[in-house]
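Student: So you can see what is in the structure, the chains are spelled out below.
Number of protein chains: 2
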Amino acid sequence: MDNLPMKKTLQEYVDAFNANDLEHLMSLFSDEASVEDPVGSPPKTGRIEIEAFYRESMTGAKLELLVSPRGSYSNAATITFAVHTEKKGHSIRIDVTDVMTFDSAGKIATMHAYWGPDDMQQL
Amino acid sequence: MDNLPMKKTLQEYVDAFNANDLEHLMSLFSDEASVEDPVGSPPKTGRIEIEAFYRESMTGAKLELLVSPRGSYSNAATITFAVHTEKKGHSIRIDVTDVMTFDSAGKIATMHAYWGPDDMQQL
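Chains as they are written, first to last, in numbering that gives the first Met the number 0: chain A, 0 to 122; chain B, 0 to 122.
Do not take every clue at face value.
In silico lysine to any residue, SDA-like type, Cα no more than 20 Å apart, as pairs [stated by the list, open to error]:
no., chain 1, residue 1, chain 2, residue 2
1, B, Lys87, B, Met119
2, A, Lys7, B, Gln120
3, B, Lys106, A, Gly39
To be clear about the criterion: a stretch of chain A counts as covered by chain B if any three or more of its residues have a C-beta under 8 Å from a C-beta of chain B, and this derived list gives those stretches [unchecked claim]:
no., segment
4, 33-41
5, 58-71
Derived from the structure by calculation, the hints contain no laboratory data.
Beta carbons: idealized from backbone N, C-alpha and C, even for Gly.
Given only the sequences and the hints, what does the whole structure look like? Please build it.
Tutor: Following this line, the structure appears as structure tokens:
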């Protein structure tokens with residue numbers, strides 16, 4: 000799969016998230032997508048569950064890309080970023096790597112977000 | 000799975016690679032491990048294939064960790080780095096994210112290296 004469209008979609012994902020543009024963000028996903036965020040938690044599957052997840056996680060949060068997206072020789076690509084958000088009045092940073100796979104239409108089919116308990120810090 | 004031992008192993012992986020210490024590097028892997036580097040290529044499976052792969056890829060190459068390793072709420076963790084190497088007298092940089100899973104003994108069970116054609120650049 001060509002890497003440039005995957006990377007373009009990942010940049011759109013970050014931009015739509017930061018613009019709080021849920022409609023644009025959801026347009027990047029396949030109807031049958033699944034989102035496991037964090038890896039090890041029950042996946043959100045399908046448009047309704049995924050939209051509910053992003054509506055909640057977008058609130059007041061911003062993504063800061065830390066390095067360039069990585070592609071592959073397959074239908075997968077990654078982004079590595081920090082989430083800046085707030086919890087009970089405290090600034091929180093979560094360090095994350097997302098691995099996304101894409102369907103033949105270029106939509107996100109699966110998303111796995113790698114972050115664990117000690118990747119979240121209160122600043 | 001506790002994140003700290005996984006992250007410690009990933010740091011050892013980088014240090015052993017950079018020290019050209021193939022024996023130490025191989026001690027981090029399970030006997031039944033598989034390595035898909037890059038993602039989309041045929042996996043190397045088992046100690047003999049994996050050792051041959053690292054003996055070749057270590058030569059003259061150094062890994063530069065770019066951000067902190069990420070853990071998960073499962074048996075997976077990631078590192079994001081640049082490979083600095085040479086090819087036919089030219090300096091090469093490859094931007095990579097590795098996703099590793101670990102067995103119950105804390106050894107690397109699977110490794111997936113995400114990098115595509117345009118993540119390799121001649122400097």
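Student: Are 3 or more residues of the segment 33-41 of chain A near chain B, judged by a Cβ distance of less than 8 Å?
Tutor: Holds: 4 residues of the segment 33-41 of chain A have a Cβ under 8 Å from chain B.
Student: Quickly compare the C-alpha distance for Lys7(A) and Gln120(B) to 20 Å and report which way the hint goes.
Tutor: It holds: about 19 Å lies between the C-alpha atoms, which stays within 20 Å.
Student: Mind checking the alpha carbons of Lys106(B) and Gly39(A) for me, to see if they're no more than 20 Å apart?
Tutor: holds (18 Å)
Student: Does the alpha-carbon distance linking Lys87(B) and Met119(B) stay inside the 20 Å limit?
Tutor: holds (14 Å)
Student: If you look at each residue in the segment 58-71 of chain A, do at least three have a Cβ nearer than 8 Å to any Cβ of chain B?
Tutor: Result for this restraint: holds, n = 6.
Of the numbered hints listed earlier, not one is contradicted by the structure.
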